[in-house]
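Trainee: From the two separate chains plus the hints, produce the assembled complex.
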Amino acid sequence: MAVLGIPILENLYPSTMDMWPLESKEFNRNWQFYENLKQGKLTTTKCKDCGLVSWPPRVICPECYSENLEYTDLPNKGKIIVFSEEVRGVPLGFESPLIHAVIDLGVAPARRVLSRIVNCPAGVLKRGDEVQLAVFPVPAMPIDKGKLGTVMFERVFFAFEPVKK
Amino acid sequence: MARHAVILAGGQCKWGVREAHLVDLFQEAAKACFDDIPTLKPKDVDGIIVASSYAGRCSFQVNTAPVIAERVGVKPTSICTRVDVLCAGGSTGIILAKGLVESGVSDIVMVTGGEKLYTPQKWEVFYSELASVDHDWDGTNGMGLPPPFFSLTAQEHMMHYGTTKEQLAAVSVANYNYAATNTVAQMQKPLTLEEAMNAPSVVPPLTLYDCCPITDGAAACIITTDEIAKKFSDRPLVYIRGTAQVCLNSVSANFPGEHLADWKHTRLAGQKAYAAAKVAPSDIKVAQTHDCFTISEVIEVEEFGFCKKGEGGEFCGSKQIELGGKVPVNTDGGLLACGHPFGATGIRQGIEMLKQLQGRARHQVKGADMGLTHNLSGANAEHTVLIYGREPVK
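Taken in sequence, the protein lines are chains A and B. Using this note's numbering, the letters of the first sequence map in sequence onto residues 13 to 177. Using this note's numbering, the letters of the second sequence map in sequence onto residues 12 to 405.
Don't take every hint at face value.
What the hints assert, rightly or not - Straight-line C-alpha distance at most 35 Å; calculated DSBU-like pairs for lysine-lysine:
| no. | chain 1 | residue 1 | chain 2 | residue 2 |
| --- | --- | --- | --- | --- |
| 1 | A | Lys176 | B | Lys176 |
| 2 | B | Lys176 | A | Lys177 |
| 3 | B | Lys200 | B | Lys337 |
| 4 | B | Lys275 | A | Lys138 |
| 5 | A | Lys89 | A | Lys53 |
| 6 | A | Lys177 | A | Lys58 |
| 7 | B | Lys52 | A | Lys89 |
| 8 | B | Lys320 | A | Lys89 |
| 9 | B | Lys275 | A | Lys60 |
| 10 | B | Lys330 | B | Lys289 |
| 11 | A | Lys177 | A | Lys53 |
| 12 | B | Lys241 | B | Lys52 |
| 13 | B | Lys52 | A | Lys138 |
| 14 | A | Lys91 | B | Lys275 |
| 15 | B | Lys289 | B | Lys319 |
| 16 | A | Lys58 | B | Lys275 |
| 17 | A | Lys91 | A | Lys177 |
| 18 | B | Lys176 | B | Lys320 |
| 19 | A | Lys89 | B | Lys176 |
Unchecked claim - These stretches of chain A come out as covered by chain B in the derived footprint (C-beta under 8 Å, 3 or more residues):
| no. | stretch |
| --- | --- |
| 20 | 29-38 |
| 21 | 52-59 |
| 22 | 122-128 |
The hints are simulated quantities; they were obtained by calculation from the structure and are not laboratory data. Where is the CB? At the ideal position from N, CA and C, for every residue including glycine.
Bound-form chain B, shown alone (with noise of 0.2 Å):
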C-alpha cells in the first residue's frame, strides 16, 4: 500500500530577539511541537532534519544535526542531518522527509529549524548577511542586506504594471493585523494604513514595515505517514501532497526573468508544485507565501495564479489577502509580523497550515481543505512550494 506523507503536529518558541543560546531556542521549539501530540515522546521519532543556515557563522556550530538532537532526546536510527537553503531549510527540511518517510527509510520524523541571529554586537550579523548572496559577486556590491535588492524588485513592478505605494502598505497592515494577537510573533502590534504610509524610509520607496525583521526562533514539526499518524492522533489528516524546488540563478545579474518583478522561478515551482500535487491555483483555499518584502508578496500571488500578472498590486490593496478575500495568505502574520529565522520560517507556515487544514487557526479561513506554502531563499536565487491537503493525490 501506498505510504502518504502528513504533517502530525508542530510547534514554536516565542520569537524576536531572544535572551537564549541557539540550542536553547531549538529545546524550547522541541517542547512546543510534543505538546501539541501528547501521545507522541521523543522515542517514537526515528529521523531529524534541523534547518539552520546561520549556526555557523553566529553559533560557531556545524555540524549542528547530532547537538540539536542529543538536547531535544531525540535518538534517530534512520536519518540525522542538516540542511542550509537559508530561508527555505525548514521546507527543505519537510520536502525531504515527505521523500523519507513515503519510501519507507524513515517512519517518523522530526524537522527542525532555527537561528540565533542577534550577538553581543549588533554589527556581526549585519555583517554575515554578505554570506547569504554569491559572496564574491553580490556580497561585493553590498546585496548581503536584501532591502535595496527589493527595492529594485518594487520599483520595477510599480514601472512596468503600476503598482502604488498604497498597495505595498496593505501588505504590512494585513500581514501585522493577522499577528496581533499571535503570542509567539516578535510583532504583535496591529496597524493602520495611516502608520504604514508614514513609517519611516529604509530604501525608497520601502519602509520600515515593508521589512520582515531579523529575528532569533526555532520551530518543529513531526513528519510521518497517515497509516502511522492515526495511530497518535484523532485529528483530520493533512497531506503534503505536492511539493518543487525551483533554482534557475544565484548571481542577481543572472535574475530568469524579464526583470527583477518577473519571477519566472516562481511560477515555474508553482506550477510544478500543483502539477505533482493534481491541484488548480483556483483549488488553494489559505496561503503562506514568503513575505520578506511586503512587494514579494504581491508578486507572489500572481505567479501562483491567485490573481493574473500585474494585478498583485490591485489583489492585495482590495483586501483579496484578508479573511473573507479570495485568498487569504500568511494568516499567522507572515514574515513580516512573525518574524523570519530562516532556516524555521517554512516548518512555521506548515504549523499554520496544518491548523488552517485542521480548523483550529486563530484566524480559520471557512472550509480550508488545500494550502500552499511558499519560500524565496538568496537574492531570489531559489523558490520552495509545497501544497498540504486534507487528501492524498489520488
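With the rest of the complex left out, here is chain A (with noise of 0.2 Å):
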C-alpha cells in the first residue's frame, strides 16, 4: 500500500488526511457519542448544573462552564425540512448521490440538524418526509500502541434515512 510519490509513507496511516473523526478514548474526550452511536443511539451531552443540551457534544458547558456533564439521547427520527441532491461531482470519500438535509428532530438544540440522507435515490425525497437514524461502519483507525504493535479501532458514523413507508 504505497502512497503515490511518496514511497516513505508506505504502511503509514496519515491522519491528517482522514475525514472521519479520531474517535477513540486516546485521541477523544466524547469517544462515548461513538459508542452509543455503535449501539445504535444518537446522543449529545447536557449540563447537570444548568441543565442545557449542547449539540454537538463537548467537554464543557458553553453556558455554565461546568464540566459536570452527562450523555442525553436525541430522537432517532425527523422530519425533513429542506434537502438538496448532488449527482454529479460528488466529492472524494462520498457516492452518488449525495443527499443534505435540515432536519427537525422534533427537540432543541436539534430542531435543525444538518445532516446526510443515504439509502435513498435521487429524485424520490420530499419536504415533509420522515427520516431515521442510520450508523454505518467506517474504515477503522490505526492506532501505534509501542511494542504492542498496531491496533485497529472500530469507527461508526452516522446519517439518516427515509423511514420505509
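Mentor: Have a look at this one:
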C-alpha cells in the first residue's frame, strides 16, 4: 500500500488526511458519543448543573462552564425541512447521490440538524418526509501502541435514511 | 493627535489556475502593490500580516509569515504573523493592521494574502476542503465543498421570499460583466442571462455560474496612518472608518437565523460596522460583498440594508447592483468572476474600494465617497465587514 509519489509513507497512516473523526478514547474526550452510536443511539451532552443540552457534544458547558456533563438521548426520527441532491461531481469519500437535509428532530438543540440522507435514490425525497437514524461503519483507525504493535480501532458514523412506509 | 488608519496602496497578481508556487504568487502581489506606490519601498514597511488558510494543507507550510516576509524583502520590526479565517483572512488582516497603526504599535503594515490551491493531483484540494468546515461534524457529512449548503440556502430563500432562478442569474451576469475587462480576474468573459440560465447543474437550483471557482492567487495592500500616507502620496486618503467581525456559530446545525436564508450574524456585523463608522446604509455608494454564490449576494444586500429583507432577489434582478443602480456591488467582478483565493479576497475588495474612493476604478461609481466590504467564512459561520470612507470618523 504505497502512497503514490511518497514511498516513505508505505503502510503508514496519515491522520491529517483522514476524513473521519479520531473517535477512540486516546484521542477524543467525547469518545462515548461514538460508543453510543455503535449501540444505535444518537446522543449529546447535557449540563448537570444548568441543564443546557448542547449540540454537538462537548467537554465543558458553553453556558456555565461546568465540567459536570452527562450524555442524553436525542430522537432517532425527524422530518425533512429542506434538502439538496448532488448527482454529479460528488466529492471523494461520498457516493452519488450526495443528499443533504435540514432535519427537525423535534427538540432543542436539534430542531434544524444538517445531516446526510443515505439509502435513498435521487429524485424520490419530498419536504416533510420522515427520516430515521442510520449508523454505518467507517474505516478502522490504526493506532500505534508501541511494543504492542498497531491496533485497529473500529469506527462508525451516522446519517439519516427514509422511514419505509 | 488621533491616528486614523488608511489604505495607501494595493495590487494583486493574475488570479486563476496558476503555474506557480505559493511563495511566487505572494512575490507577484507584493510587486503589484509597490508598483501602485513607487515612492514607498519595502524597507519603509515595519509590519507584515499574511492571510492564508491553505498554506498548511496545500503547500505543506505553516508559520508562513516569516517565509513570505523574507521572499518579498520586508524586514518587519513591529508585527510578523499569519491569520487564518479562511475567506475573511485578508479583511481580518486589514482590521488588525488598523488597530496596530492607530495604537502606534506599527506605522506601515503590509497586509498580504494568498493561496495555491491547485496541486499536482486535482482531488486533493476538493478533499482538503473538508478542513474548511467543522471537521468532525460537518466535514463527515460531505459539507467541505459548499454548493450543497448554499443550495439549501437558496431553496429556503425561494420558499420564504419567492426569489427566482432568474434573479440569481442576474447576479452572475452583473459580476461576470464587471470582470470582462479585468485583466487579473480568473474569468474574463461577458455573460448573458440566457447563458447563465442554461448552464450545467451543480446542486439544484445552483448551476455553474452561481458558484465561484477555485482559485490560485495573492494580493497585497499597505495600511498606515493618514499623516504618514501624506508623505508618500498625493492621492485622496481612503480611511478605514469602522469594522466588525461576528461569529455566532460554527457547526451548521447551530445556524443563528430562523432559517438558512435569515442571516442574523451578517445583519449584526453590518449594524456594528455602521455604528463604528457613524454611517447608515443609505450612505454606502459602492459595496464589495461576499458573492461566493449568487444567493449570498442576494441575501447580503438585504442584511446590509440596501433593500428590505426578502427583496434581495428583486433588487439584484432589477439592476440595482449595476453601475447606475442604487448600490453597485462587486464592481471588479467579485468572487464569482475574479475568483476566490481565500486569504487574498478581502484585500482584493479593499483594493477595489481604494480605487473607487480615489476615483480611479475601471467601473467607476460616480461620487463614491463611502463603501462597504464584506466576507463570509466557513459554513456561513462568520461575517466580517469593513467600511471605507474619504473622511475619518469624527
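Trainee: Look at each hint and say if it fits the structure.
Mentor: Outcome of the hint check:
| no. | hint | result |
| --- | --- | --- |
| 1 | Lys176(A) with Lys176(B) | holds, 33 Å |
| 2 | Lys176(B) with Lys177(A) | holds, 33 Å |
| 3 | Lys200(B) with Lys337(B) | holds, 25 Å |
| 4 | Lys275(B) with Lys138(A) | holds, 28 Å |
| 5 | Lys89(A) with Lys53(A) | holds, 11 Å |
| 6 | Lys177(A) with Lys58(A) | holds, 33 Å |
| 7 | Lys52(B) with Lys89(A) | violated, 63 Å |
| 8 | Lys320(B) with Lys89(A) | holds, 33 Å |
| 9 | Lys275(B) with Lys60(A) | holds, 30 Å |
| 10 | Lys330(B) with Lys289(B) | holds, 28 Å |
| 11 | Lys177(A) with Lys53(A) | holds, 22 Å |
| 12 | Lys241(B) with Lys52(B) | holds, 15 Å |
| 13 | Lys52(B) with Lys138(A) | violated, 61 Å |
| 14 | Lys91(A) with Lys275(B) | holds, 24 Å |
| 15 | Lys289(B) with Lys319(B) | holds, 21 Å |
| 16 | Lys58(A) with Lys275(B) | holds, 26 Å |
| 17 | Lys91(A) with Lys177(A) | holds, 14 Å |
| 18 | Lys176(B) with Lys320(B) | holds, 18 Å |
| 19 | Lys89(A) with Lys176(B) | holds, 33 Å |
| 20 | 29-38 | holds (count 4) |
| 21 | 52-59 | violated (count 0) |
| 22 | 122-128 | holds (count 6) |
Taken one by one, the earlier hints fail for this structure at numbers 7, 13 and 21, listed in ascending order.
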